[in-house]
Amino acid sequence: MSVQTWTFIIVGLTFALYIGIAIWARAGSTSEFYVAGGGVPPIANGMATAADWMSAASFISMAGLISFMGYDGGVFLMGWTGGYVLLALTLAPYLRKFGKFTVPDFIGDRYYSNVARTVAVICALIVSFTYVAGQMRGVGLVFSRFLEVDINTGVYIGMAIVFFYAVLGGMKGITYTQVAQYCVLIFAFMVPAIFISMNMTGNPIPQLGFIGTMTDGSNMALLDKLDQLHRDLGFAEYTSGTKSMIDVFAITFALMVGTAGLPHVIVRFFTVPDVKGARVSAGYALVFIAILYTTAPAIAAFARTNLIETVSNQPYADMPEWFSKWEQTGLIVFDDKNNDGTIQYVADAATNELKIDRDIMVLANPEIADLPAWVIALVAAGGLAAALSTAAGLLLVISTSIARDLIKMQIRPNISEKGELLSARIGAVFAVMVAGYFGINPPGFVAAVVALAFGLAAASFFPAIILGIFDKRMNRQGAVSGMIVGITLMLFYMIKFKFDGFGGGTPEQWWFGISPEGFGTVAMFVNFIVSFAVSRMTTPPPQDVQDIVEDIRLPSGAGEAHVH
Amino acid sequence: MSNDNKAQKYWKENLVYLGILLAVWFLVSYVFGIFLVEPLNTVKIGGAKLGFWFAQQGSIYVFVILIFVYVSLMNKLDKKYGYDN
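Chains A and B, in that order, give the protein sequences.
Going by full-length UniProt numbering, 557 is the number at position 557 of the first sequence; the sequence numbering is gapless.
Going by full-length UniProt numbering, 45 is the number at position 45 of the second sequence; the sequence numbering is gapless.
What the hints contain is simulated information worked out from the structure, not anything from laboratory work.
Just so you know, not all the hints are guaranteed correct.
Unchecked claim - Taking beta-carbon pairs under 8 Å as the criterion, some of the chain B residues facing chain A (in silico):
(1) Ala7
(2) Trp25
(3) Ala55
Stated by the list, open to error - Away from chain A, derived, C-beta distances all over 10 Å, residues of chain B:
(4) Asn5
(5) Thr42
(6) Val43
(7) Lys80
Think of the CB as a built atom: it goes at the ideal place given N, C-alpha and C, for glycine as much as any other residue.
Given these sequences and hints, build the entire structure.
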């Protein structure tokens, strides 16, 4: 059977599964719609969190990114996993004890202020929208490459599927669909990795193959071999990297803190039955994420070695079939500068003849390694599972923000349960439409902003939540001024150095040598300092708020997530 | 022991655990994976340089262990103070 037939079968089966689950687990109340009634078992929540978290970017782009960044790629690996330690130890248990539905809920109540709530809603919407647009694009890309439909048609199909189970099922439907999507995506990621690890190092476990020796007779360690190939072609050593130490530190820190501050991740910990469940489900989530995140650097190194050995100094005419297939998509470009018919792939831009888009590494990997057609189809289904699960989680945050944080808490406080549920569903419809629009007409800045969303979350939410739990003296004035200064500073730096506003700037002019991607770390510290200083100069929070803080620090008595 | 007093003590012990676990978190990622990556790279684990390995593998394994250590410490602490209902 051809790759395309296999893709239709596997993708069709997984879609039928998702829809079946959505019908079985549809939501009947706002509590079920927002937090699945607070009754999700911790291990299922762990899987759902992992699927929610690992987006099309993690599945499709990350290994390729690391493949081209070498050591520097570690910022993503450490940044996107280390955040869960912060989440498990400093946020999840306390927010679960607090027992509401959203991050703005917590901020609004803890800082007894609708201004604080509104600032939090705006931050949540900015972060979620930039993120979801990228997911829809990912869905479109996978469809167009593997099912050979138009990218826009792919986006419509993705919209229809997400629409169906997010609007109908709410958090309950999404949670159980994400459990299924996790299984699909991790299987799809691991199968080719195991095959390739076997081929190259003789070890079926990619994490061990990564530190193993080559089976090509050279008896060299895989990473030594790769370093040597890099040196020969004039690239920086794979295991050394090119970023400055301070920038690596700042980016890693911003990604960690941003991960812990992302609303669609935090909200997942409102769905478990109690505080104990919140702690352990963060642990399960990280196990499920770590399986992919420790495999990705192995795939990156295998793919890089494979690629260099396949193309470097080889005649163009001898290239395998996948090479020309990706050339047609424009993601591989060969320009025979010296007209010798051989591919010179080197660091020096003047003589380099090959350009490879790093996004193709995971998708092309099974073809490069000559794996069976069903494995290639599986990778397509995995990429779709990753994109759809993240999109659904984000859409839920958007619809909840609209229905609860804006309509229920601010515009029409006496809305009925039924009316609120209806407005949550309408919010989800609206969010799907907007996401689809951005998927079809992607603004040029989406990719750049997705990376910066972490900096925005780090600079705004994170200090306000942490201080709300760990500093009883923190008051409304402190938290609001901290959030505003933090996010403004981050936006200013982003616009100046990324989008050329405020006179622009070159990397030489970066403050402290820190890139816009890492600047969330600086903005976060500024937020902490401003919050602290302002709160100490103004009146302490009222007694009932201090009692809330005392209460969330103790694990017992966390009831079902409640409405009031 | 009054309720308030008990709650204070529970919170203090919790903060000590947090301090120790977050120190390890910082050590394996930022110290081993970033600040000391060059000196650690002179040592090898299998075919990989140790500093590089911490940045791309080791820190993640330690993160997972840290969360489960935290879960078990806190479960014991909850029991000790009677907050485990």
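Hint check:
1. Ala7: Since chain A brings a Cβ to about 6 Å from Ala7 (chain B), closer than 8 Å, the hint holds.
2. Trp25: Hint holds; Trp25 (chain B) Cβ to chain A Cβ min 5 Å, cut 8 Å.
3. Ala55: holds (3 Å)
4. Asn5: Holds, because the least Cβ-Cβ distance between Asn5 (chain B) and chain A comes to about 12 Å, which exceeds 10 Å.
5. Thr42: holds (12 Å)
6. Val43: holds (13 Å)
7. Lys80: The claim holds: Lys80 (chain B) sits with its nearest Cβ about 12 Å from chain A, beyond 10 Å.
Figure legend: structure checked against the earlier numbered hints; every hint is met.
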